[in-house]
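Starting from the structure of chain A, add chain B where the hints point.
If you're matching them up, the sequences are chains A and B in order. Residue numbering for the first sequence follows UniProt numbering, starting at 1 and increasing by one per position. Residue numbering for the second sequence follows UniProt numbering, starting at 1 and increasing by one per position.
One thing to keep in mind: the hints can contain errors.
Simulated crosslink set (EDC-like; lysine to aspartate or glutamate; CA at most 20 Å straight-line) [said to hold, decoys possible]:
#	chain 1	residue 1	chain 2	residue 2
1	A	K83	B	E209
2	A	K50	B	E209
3	B	K66	A	D142
4	B	K9	A	D27
5	A	K162	B	E209
Pair by pair, the computed Cβ-Cβ distance ranges are [claimed, not checked]:
#	chain 1	residue 1	chain 2	residue 2	range
6	A	N122	B	T51	45 to 53 Å
7	A	N122	B	M30	28 to 36 Å
8	A	A107	B	A140	37 to 45 Å
9	B	A129	A	P30	30 to 38 Å
10	B	A129	A	V32	31 to 39 Å
11	B	T33	A	H183	50 to 58 Å
12	B	P199	A	I169	26 to 34 Å
Stretch-level coverage of chain A by chain B, calculated; a stretch enters the list once three of its residues show a Cβ under 8 Å from a Cβ in chain B [claimed, not checked]:
#	stretch
13	137 to 144
14	156 to 163
Because the hints were derived from the structure by calculation, they are not lab data. All residues carry an ideal CB built from backbone N, CA and C; glycine is no exception.
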Amino acid sequence: MADVEMKEAGGGRHQGTKSKKLSTRIDMTPMVDVAFLLITFFMLTTTLQKPKTMNLYLPEDVKNPEEQNKVKESQALTIILGKDHQVYYYYGTGQEPNERMYKTTFANKGGIRDVIINKWDNVIKNSGGRDSLVAIIKPMNDADYEDVVNILDEMNINGVQKYALVDSIYDFEKNLMKEADDHPAPDPTLSGQ
Amino acid sequence: MPKVKLPRKSTAIDMTPMVDVAFLLLTFFMLTTKFKPNDPVTVVTPSSISTKLLPESNIAMILIGKDGRVFFDLDNKFKKQQLMSDLNSQYHLGLTKDQINSYAIGGPVGVPFKMLPQLLSVPADQRNAFPQPGIPIDSANNELDQWIKYTLNVNNANPDLQFVIKADDNTKYEVVKQVLKTLKANHLNKLHLVTNLKPIPPGTAAWREQQAAGGANASKQQP
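In isolation and in its complexed conformation, chain A is listed as follows:
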């Protein structure tokens, strides 16, 4: 049997079916089609810009209020975020009775950024160095998350090192907010701008 097979194979080789000389060129069009299809697919599904993140450090809850860091009134700026991108703020932490609340926005000029910069300059003039400004951020329940990120970003933009995200909004702050809504007044410390 093996003989026969060998014979056949050998015979085939010797006889030599005259094969035509085929061109070595092949039509690459289908390959290009597939390649471009794949390129298109990867181009459309890819996300070139990787998502960025902002770090947020939450303070550990202190059980004893006595342990809480005391903030100097003159160095504090309390910012309250309301609904519809409204920003309310007042100077201090609300320990003094005659606070005045002002209303502003996230605008690049004349917004909360100018308030922060202005307050900062004041703190430097009156007391210590830059990092002595403390911002207390209190978003209301109906504030947008965008605003919260914006205000935290504002802290990074202006280099405010000390800031805290606080949940509790006091009644007097709500009253002040209402007052600021009803009788808006310009912030006298911003008169230069």
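Relative to the frame of chain A, chain B by itself:
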């Protein structure tokens, strides 16, 4: 003038260089691609000047839609599998092995525990079409807290595990507050918020810092 006789040329062109370029591009896109996350809710993240990249691995993602629905996801399939079998035995969900595997290969999940068997019987690729009400986060029934606790458990308090919050621009802070509170209760104080990049406004402290560090590149941003 004698008639110029143009030789008849073949219209076939050599496509080899084009193929070369095509495959080069193909290789580039195949290697750099990272598929768009397949989220059950569309989340438009807010912008910040932060340039920190989202960690590649070891992340636990809390996704919050603008309607306040909360979803939870891990990036590690094996951890997800483990997490789901733990939850399965704890809450007597009666999940099959297939359903647990289906959870592991699928995307973020946002249903109360008792709806998990129903959700996971849907094939992973069709799960986003299933109406998910979100993970309950109110203090009376805080299931997100359980998700976080079990996640910490399957990760054996891995210090590299990062918690990432991806919330929509228009999410109300009320929901975010509750999520932050839950994380804080689990002593997770270092968080990442997913944001888009926005340019640093000129004239500010961060801008001056960037100018000092970056030099020529930074000055281009000046108007």
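Contradicted hints - numbers only: Checked against the structure, the hints that fail are numbers 1, 2, 6 and 7, while the rest are satisfied.
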